[in-house]
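Residue numbers (the numbering used here), protein chains in the order written: chain A, 1 to 446; chain B, 1 to 339; chain C, 1 to 414; chain D, 1 to 414; chain E, 1 to 334.
Derived by calculation from the structure, the hints in this document are not laboratory data. Worth double-checking, as some hints may not be accurate.
Sample of chain B residues lacking proximity to chain C, with all beta carbon distances greater than 10 Å (derived) [what the hints assert, rightly or not]:
#1 151
#2 194
#3 211
#4 244
Here are the computed lysine to aspartate or glutamate pairs in the EDC-like style, where the Cα-Cα straight-line distance is at most 16 Å [what the hints assert, rightly or not]:
#5 54/D x 242/B
#6 181/C x 30/C
#7 54/C x 242/B
#8 181/D x 28/D
#9 54/D x 27/B
#10 54/C x 139/E
#11 107/C x 94/C
#12 54/D x 139/E
#13 54/D x 221/E
Stretch-level coverage of chain E by chain A, calculated; a stretch enters the list once three of its residues show a Cβ under 8 Å from a Cβ in chain A [unchecked claim]:
#14 166 to 180
#15 250 to 264
Glycine included, C-beta positions come from ideal geometry on N, C-alpha and C.
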Amino acid sequence: IYGDDGDGEDAVVFGFDPDSADDVGDEIVQLFYDNGLDEDIDVELQPGASDTGERRDNYETLLDTGETEPDIMLMDNGWVNVFIQRGLIANLSEVLEDDEVSRIDDEYFEAFTDTARDPDSDELYGVPLFPDFGTMQYRKDYAREAGYDDDDFEEWATEPMSWEEWSQITAEMVEESDANFGLSTQMAIYEGTSCCSFNEVLTSWGGGYFGGEENLFGPVGERDVTVDEEEFVDALRMLRTFVDGDDENALEDYEGDLAPSDITQWSEDESLPQMENGSAAMHRNWPYAIVNNAEEFGVDNYGTMPIPYAVSEDEAAQDGMGGTASALGGWHIVMNPNSERQEESLEVIRAAMEDDFNLGLLDLWGWLPPKPELFDSQEAEDLEPIGNYMDTLRVAGENAVARPVTEVWGTQSELIAQEVNSAVAGNKSPQEAAEDLQSGLEDTES
Amino acid sequence: MSAEEQSGPARESRRSGPLVAVTRWMENLGETGFAYLLLTPVFVLLGAIALYPLLRTLELSLYTNIIGTGEPDFVGLDHYVSLFTGESDRWLPGTSRFLWGDVAVTGEFPFVHVEGLLRSALAVTIIFAVVSVFFETLIGFGQALVLDQEFRGRSWVRVAIIIPWAIPIVIQGMIFYLMFHPSTGFATEYLANYGIVAETNTLNDPFSSLLIVTVADIWKTSAFMALLILAGLQSIDRSLYDVAKVAGASRWQQFRLITFPLILPTLGIAILFRTIDAMRIYGLIDSVSSCTVVPSLSCMVVATFGSQRGLASAIAFVTAIIIGIAVMGVIYQQYKEGL
Amino acid sequence: MAQVTLNHVTKRYEDVVAVNDMNLEIRDGEFVCLVGPSGCGKSTTMEMVAGLTKPSEGNVHIGDVDVTTLPPKDRGVAMVFQNIALFPHMDVYDNISFGLRLRKFDKEEIDRRVDRASDIVQLEGMLDRMPDEMSGGQRQRVAIARAIVREPDVFLMDEPLANLDAKLRVHMRTELQRLHKELDTTIIYVTHDQAEAMTMSDRIAVLDAGELQQIDPPLVCYNEPENLFVAGFIGSPSMNFAEGELVANGFESEHFTVEFDPSQVPGASVGDRVTLGIRPEDVFTVDRVQNLSSATASIDATTDVLEPMGDEIFVYLVLGESAERSMEGETASSNQLLMSVNPDSDIQEDQDVEVVLDRSKVHLFDTASGQALAHGIEELPGPSAGTGPDAGTSAGTGAGEGTESPVTEAESDR
Amino acid sequence: MAQVTLNHVTKRYEDVVAVNDMNLEIRDGEFVCLVGPSGCGKSTTMEMVAGLTKPSEGNVHIGDVDVTTLPPKDRGVAMVFQNIALFPHMDVYDNISFGLRLRKFDKEEIDRRVDRASDIVQLEGMLDRMPDEMSGGQRQRVAIARAIVREPDVFLMDEPLANLDAKLRVHMRTELQRLHKELDTTIIYVTHDQAEAMTMSDRIAVLDAGELQQIDPPLVCYNEPENLFVAGFIGSPSMNFAEGELVANGFESEHFTVEFDPSQVPGASVGDRVTLGIRPEDVFTVDRVQNLSSATASIDATTDVLEPMGDEIFVYLVLGESAERSMEGETASSNQLLMSVNPDSDIQEDQDVEVVLDRSKVHLFDTASGQALAHGIEELPGPSAGTGPDAGTSAGTGAGEGTESPVTEAESDR
Amino acid sequence: MSGETQTQTQTQTGSQSETDHDQGPLASWTQGVISNPDRRSLLYRALFYAITIFFLVTTLFPFYWLLVLALTPNSLILGGEWDLPFLRPQGFNPEAFVEVFQQIPFHLYVFNSFVLATMTTIIVIVISSLAGYVFGRLEFPGRGPLMLGILMVSYFPPAAFLIPLFEAFTGNPIVAPFIGVELFEPPRLVNTPGSMVLPFSALFLPLSIFILTTFYAQIPDGLEDAARVEGTTRLGALFRVIMPLSAPGVATAAVLTFIAVYNEYFFSSIMALGNEPQQWSPLVGGLLQYQSLYSTEFNLMAAASIVGVLPVVILVVVAQERIVSGLTAGALKE
Ligand SMILES: Nc1ncnc2c1ncn2[C@@H]1O[C@H](COP(=O)(O)OP(=O)(O)OP(=O)(O)O)[C@@H](O)[C@H]1O
Ligand SMILES: Nc1ncnc2c1ncn2[C@@H]1O[C@H](COP(=O)(O)OP(=O)(O)OP(=O)(O)O)[C@@H](O)[C@H]1O
Ligand SMILES: [Mg+2]
Ligand SMILES: [Mg+2]
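Kindly produce the complete structure, drawing on both the sequences and the hints.
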């Protein structure tokens, strides 16, 4: 019954996100034409697996075996780097016009765009489509019960606070409101912990896994592993404090017992419902959670703030770390080097670089624009409910920390997640975990 | 005379036509020729779909790690060597070891530090295989014996017993994952009270996870055993039981002297394939817990597959060899049974 | 104490009544043969005694115990199955010793008994063969050996010798009889071999269509069958039957008459339809009649087929105008008569002969009910053709209840 | 054209030679019975003819074709298996029609033939039964029906009637004979029933230990067995043997002598060890001797066991001082003699009797080789006890090659 | 009649308890059980039912949990308050069973799996029947090594086959291993059933071959002989007699293969390039569609898997009907 694949013969096949392709696929295709794509070029959105890892494996096999389709595809910024290093995707610097390349250099979030570059040559392999930033979200109504008001909220929205202050506010909120606990975050053994939820904390303590910012994407083996360091241990101790304030490794000045021990088994999936059902006062998550919860509680009762920090950027032990830090998620458009419709594909990519296209996606599906100034644009702010949180998101975007993705990141991220998890769970002391991780990472680096 | 007459041997041998000729040719083949003829489809299929890829994979295991970065370099047996020297361990997920980990033995003798063992893929795989196959055999046998009885509602009981086997591993994983999940895990509390599983961080606790994975596997694959053994039971000639009964055999003796020996070949096959399968456990671990927590041999292959394809291929071959060694006993038993 | 008693036992399968209201009492140490046509319920009866089949109705006693619900292993029976049913995964030794091993006999005792049994069934050198490496007869002997090593209270043997050659069968017969004496067990034995039934058994139980027809010592069954069925079934080749009528001066059928006083036949009167039965060996050609004191009037016949058997010749006679030939001689009204003659006779095919019947061996049955009316009849008292001084010794007895009737004695007096 | 020929056929299993260098030629349309003790290779021979077993050596022809490598389905044979081998997943109808359906006969023809066959085997109402719902005999009849519907060139029947009762067996015998005539097929038939072998077959092939001993018409096998084995095997109860020596005036054994001129025995001379054979029916008590023209001198004996069979009585005689009793009468040198007498005889157990042998029925064998030396011997020409005018018609013939020898004719003249 | 039986039993029991009265109640009860067939069979039945119920509970409980999950609205699954002793759905949301089909064309995935599984099962059963016949019933040189070779295929983790197969199925030339010579270019099979059915068949073949070998080996030679004399070829006998008589084994091999393929995802996720029903993505592919980047709709996954299991259960019920006990009863006298 599937003998006929439809009109796909001559179309540019675009490996896409399944949920949006199913729901608003036609509108997205129309959006391309609205932004200057030649009507003669057909675009077919081909949904990939919903699970990011799975989609990655899928593209990896496809590209590795020289498949000609899909011609272009979405790639998570978390793993596009590996594809670049393996030479599996096309070098866009070579095929895009120079002015287009410089537009990307100028207009796009820099940190985000960097994840689509070859770290050695800085050449561009992907055009950012939409970024994702981790933020701290909270229940304004609970905060009000603890005596805070809209002024505070406004300040919090753009001014990062310290973890210490944050812990006190959170403790107050739990005390005064119906919240059962303070923080809902993700500390399970999975990629998200190493790349994002813990990485944010680590960066905000001025630390990094491999020294400063410049080493994020390698070179593997020539950079130092900086895990067995004070800032790393302190980050872990702080998290441990949040889970169990009475732990022997707990930090003095922080309020403890803010998060349930279950966070060690939570990923986004499990942490979000804790916010939804009113148990948690604070919630670290991606913008989709903002949309979700703002609809649930109303924009008046739901607030966001940048991730708190412990050490300012100046005092940071590692270069470029410190201060508030948001883990960088999001997706790029990349091109299949074996594509038989390169020209048409480039046309599609060009259409996707238009501002209206980015705003159109924000409207259609809530995907953030990859360009800072679009965050401030009126069009963006008009969108409900996400428009109300653009301020925070912009700060987050400016302070985004990319994942240290290299060809060995897969192995390393598992190690990191596991050690962090056992430290947070209290199975290991932070110091032990740091030492073990240090030697583990050093092994993988050689 | 009758139509039959026309097909006397004389007439028969003169009849022609391609089909007849082929049939005759086949019938006249000696045992060996006929055997190999019938095995051709197997050879073709397995040759193309199994042997060829395996040889290519073997070839791959002799080349450099990272694919995509230029032409692969020939490194000979380096991957294999590094697996056994522990050099490759750093590529393996979490703090796993491919072979025996650094097993910590604490003061009191029998108490081996479990963490050490559970960080070794080989140990995990063997523990998992032995425990799960043992219980699956036991339970499957019991279920098969129950289903072999005549009673009302038997077909429903049969369906009930087979249901777990019909559930995809992803869902099987989900069922047990949610049972021990911190938010939904009603089971954690009850079992933690008895110290069976860890109270918190259950699914990230190696021992608890291994236990849960094992139980989940037993739940699902006992049905496999039950089905096979049941088929074996039903193929036994019932008149043998009559003889045994009259000869004075109690139920137990009938089981021991008739049922068991006659079911043994089938049981052997079931155990053989279950063992092989258990030693390739991956999907369940992945969906209940993770390879980082409970490493298995196949986990190692999958974990390195994305980045270190040469190493992954080498691990696959070593895994196959380890499985081959592990099931040698069963095969020998089967061989003695005349298979 | 191992008498076997069946009380009103019935066994029904879905649409078949295999055994119907059977009452059977087998005494301790008795050797009883069950005979009957194929499908008459012999095996079913055995299975009920063994406990493999539960009777639909009625109950079974072994010794003094009601064993109806007792499992087979507690009944103390050993059985040779009609379908042999060796354990395919065991060699001959293991098959034979199966029951003993179950009972944890010690190794030596087992070896001793297995040796002995394999000796009896002449399978000495084959103890390590597997069943599928043996011939049909050899397998059957293993089955027998498997039963006899057990030395149980009751032996059930369902055609144990069916696949053995005549010589081995004679050997086995004597061995089984010896065993029977030695062990003093009760034996229930199904056989289709008349010689076996006649020589081995204390009594023969004749079954038909699930019902017991007669149970009596072999010669009583042979000489005084209770009804047409038993008469026709016992004896090979079977008895000749002629349907006819009881007339004033005896019996009259389409093709011949036998003269006697109808009043000596109890329970029947002139005008009744009766069937006359005469065994082949009681039919003689007239030239041999001088040996016979109780011959009937001669009957004209033509020889049809001759079947030389070596030790005798079966002669198929056609009475009257030889119409169509039928070798079966089944229907009572047929015009056929089977005669057995000495192998030395110079009888030829298609030859006209005159034959006589031995009046003292003639049986009369009620045609309608099939019940026996008389076994052996006296001459008509009036003017007769009889010559011998000691002719017609005994009047017919009714269908006497299975005791050794005086008839037998009287007959063997001659 | 369906003669079946076996040329130097040998079949070896690992350590057993089941059939050894067998040469057998069965003519088109012939009915041959294979007989022999259990395990002698009958079934193996059949299987090789059917193509189920490949001979280790030699070849098999059916018609003019060498079928040694031909698969069973192309040999045009139908077979009744000793182990019955019904297809348990098919009902009776499907079992019977299996071969026809394979050959794509049309429905009506199949129905017609199945009806006819089930009629012959008397299974009319049972066509929809499954094999496990039938009695042993019924199953066997299905197996027979399955073979006969095929109407093949060659029938192979391995003890097809073993589980049937005597009456049905007689019926089946005639049916098979009729079928044989109608279809004009070649039939190879294994049986343990002497009556079957005697009445049905054109020739009987006697096998022992995988070797062919004799193939001859039934009466030749009976009356002129080629060797001790055949003599002992054919005939039930079997022939009496007495071991002894050829002396100047005849035969002398431990317990009796028979006087004759040793020179009439070809191939043997005075002083040789010979074995004398005499069938039970050729032994007579002296009081019956008036019927016999060729009686030997009388022998003193004591009766031991009597076995009344209904139509005859077997009398076990002990010669000389009755030492130990043995009912087997197997060893040639035993002091036992089995006699068959008329059921009317008034013979008793433990009675002293004088018996004579029928000289014309005496067989002489070379003890060492077992080969027959003479069948029937003439009186010593000198002063003799003979009385009859037509005594001792025929001198011994050597072990004549299976043709209908004049002896038979001569004998049946009497 | 029955009255008589009863009295007898009673007297037996009576005398029993008399002799035992100085033993403990348990001992005498045990005595009674041992010697009294009625009581013993009662005990057997009780034991039997206890075991059956135990099996039912243990196998069905997780499935019940799955049902509970399906009926609970997704948001309540991870946030809900689950408590024993009685596990019941939080809220009642049977709409999940409808939603399953609204979100994605789940029925198409089920259909795909069904077709793939059916095709594979047929191929596997036919080929392994031939092989099972050969290994189970024929003697020939090389039998042992060949069987071992076939078995060895299943020692390897499936990943070991993946890359070369994927290369071949995407239409890349077949390269002779170790030599590097290109042999020929196979047709492009990805996104067709062929690219899944072929590897499935090869990978599930060893199990079926071994199962059928054992079962075919147990069919008495006599029956095959009978069929051959009746006029079938050796193959005819295989399909007409040996296979039907091995019905339990064949049905089991078929059910095992069918279910395994039906739930397979490793190969299909690779071979169906886009996880679309049109690309023959199977059931599990569909199930995974309910997971999106950051959240999993457990209730839909549970509902969908229950829906997906139904066809298999029906199949198993049907196939099991074919498994009749004592198939060879009445066949042979030996
Ligand atoms: N598969 C086998 N392996 C070894 N020996 C065998 C095998 N089949 C038969 N034999 C032996 O070959 C001999 C001949 O067997 P066959 O079945 O031909 O005997 P038979 O004459 O039919 O005997 P019966 O009358 O008992 O059926 C026997 O001694 C038997 O034990
Ligand atoms: N399982 C069954 N289902 C239905 N009918 C059966 C079953 N078993 C036996 N019968 C029928 O019961 C009757 C008696 O069978 P039984 O086996 O006792 O006969 P039998 O006297 O032993 O015959 P045979 O001499 O042929 O062995 C037969 O008519 C048979 O067809
Ligand atoms: Mg029977
Ligand atoms: Mg035989």
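Checked hints:
no. : hint         : result
1   : 151          : 17 Å, holds
2   : 194          : 42 Å, holds
3   : 211          : 39 Å, holds
4   : 244          : 7 Å, violated
5   : 54/D x 242/B : 35 Å, violated
6   : 181/C x 30/C : 10 Å, holds
7   : 54/C x 242/B : 13 Å, holds
8   : 181/D x 28/D : 12 Å, holds
9   : 54/D x 27/B  : 13 Å, holds
10  : 54/C x 139/E : 44 Å, violated
11  : 107/C x 94/C : 12 Å, holds
12  : 54/D x 139/E : 14 Å, holds
13  : 54/D x 221/E : 14 Å, holds
14  : 166 to 180   : holds (count 4)
15  : 250 to 264   : violated (count 0)
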